[in-house]
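Model the full structure from these sequences, guided by the hints.
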Amino acid sequence: MTATPDSAIPHAAENRVIEPLYAEILRRNQGEKEFHQAVREVLETLGPVLAQRPEFVDARIIERITEPERQLIFRVPWSDDSGDIHVNRGFRVEFSSSLGPYKGGLRFHPSVNLGIVKFLGFEQIFKNALTGMPIGGGKGGSDFDPKGRSDAEIMRFCQSFMTELHRHLGEYTDVPAGDIGVGGREIGFLFGQYKRITNRFESGVLTGKGLGWGGALVRTEATGYGCVLFTAEMLRSRGESLDGQRIAVSGSGNVAIYAIEKAQQLGATVITCSDSDGYVVDEKGIDLALLKEIKEAGRGRVAEYAERRAEAVFVPGTGVWNVPCDVALPCATQNELHEADALTLVRNGVKAVAEGANMPTTPEAVRVLQEAGVAFAPGKAANAGGVATSALEMQQNASRDSWTFSHTEERLAEIMRHIHDSCYTTAERYGRPGNYVVGANIAGFELVADAMLAQGLI
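To convert, note that position 411 of the sequence shown is 411 in my numbering; the numbers rise steadily by one, no gaps.
Hints are supplied without guarantee of correctness; some may be wrong.
[As the list claims (entries may be wrong)] Computed list of lysine to aspartate or glutamate pairs in EDC-like fashion (alpha-carbon distance at most 16 Å, straight line):
| # | residue 1 | residue 2 |
| --- | --- | --- |
| 1 | Lys351 | Glu371 |
| 2 | Lys351 | Glu240 |
| 3 | Lys351 | Asp326 |
| 4 | Lys147 | Asp275 |
| 5 | Lys292 | Asp275 |
| 6 | Lys351 | Asp243 |
| 7 | Lys292 | Glu261 |
| 8 | Lys284 | Glu311 |
| 9 | Lys147 | Glu171 |
| 10 | Lys195 | Glu171 |
Please keep in mind that the hints were generated in silico from the structure rather than gathered at the bench.
Below is the structure:
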């Protein structure tokens, strides 16, 4: 649902403080519908916390935590291979440094605007807090579209982008990473320009780096792996496992590919993947080697998967959620799973849904899933594996060390178990057992709010 100034928060009567706060946030951030949605999804769970912790109300924590510490918008001029000049807009929202330096990815996509960056940065505050690592929340990006651009064009864009952004970064200040449209190639170009401008090999200033120059093993796999590990913990709490489950995955980018990989390692059968053209169904299970060849090596489309594998069927122009499954993992983009999709999933017997992307499930769809008793994991918990492993990369950079794949994966698994258990026990403590949305929001909020109280009025 698109929030409007007349929107009422469900259960706002639990605490008279919340509704006027939300109305003021809408007034001050007009037109930023994704940010409104993210804020509302958190606020509507905080009534019990504010009732038990009046010091949060007295210190105006809600007003402060929903206002970024710093918002940067800048021009990014660059020239294409024909010499034509283009001008894009760059963003970095440094939302909260209460727990550590700002930490969050950069997204290069035509849809990027301030509202989307603020929604992502706001989510990042609580996601990062849940990891238990000393990192704050931020996000950034540009409306630049890397699709169809040459490596040289992408390099020139990244150099222009970093020429402006570099003055705001630092391993103890703000540490970006990748997101949609920003992978290892883009991180390399960005890091090279940062190093060139500052004359410092400050490896901890960016994460997602190449393994030969400060990157960490498992970082590429971490978000997808973490989502599946969290899902396994949810099912374990209900006396089940992933072994033998049918899983529908949306997307075919980094998160989706490695969610598929980890799910297959744990004995599940993943039957779908998708991109903006449509989706593939492969009842025998996705051939991961073929998918990687098409998407990672060839930067192709999923339709090619069906052309090259007889068992697969490509369905154009629609999403994957009408395919019967036991577990659904939305790993593409925000607001991709709607109320009608959730109703279809419930009718088809889905047991668990975990968000691999950021806010891919609309509020109405979340409500349908929760009312049906489906285990639902919000992105700030389920997809925190990426930023957690980024923090592990920062640890290795600070100590001039390099860990093995198995050691880093064990650390990731420990962190995802910690996040699950924190969400689970917090939800129980506030009388909402099994509600991972409530558990994640409150657990993350309390950590940040307590730090804000301790640090004074800043």
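Comparing the hints with the structure gives:
| no. | hint | verdict |
| --- | --- | --- |
| 1 | Lys351 / Glu371 | holds (12 Å) |
| 2 | Lys351 / Glu240 | holds (10 Å) |
| 3 | Lys351 / Asp326 | holds (5 Å) |
| 4 | Lys147 / Asp275 | holds (13 Å) |
| 5 | Lys292 / Asp275 | holds (14 Å) |
| 6 | Lys351 / Asp243 | holds (13 Å) |
| 7 | Lys292 / Glu261 | holds (10 Å) |
| 8 | Lys284 / Glu311 | holds (7 Å) |
| 9 | Lys147 / Glu171 | violated (30 Å) |
| 10 | Lys195 / Glu171 | holds (13 Å) |
Checked against the numbered hints above, the structure violates only hint 9.
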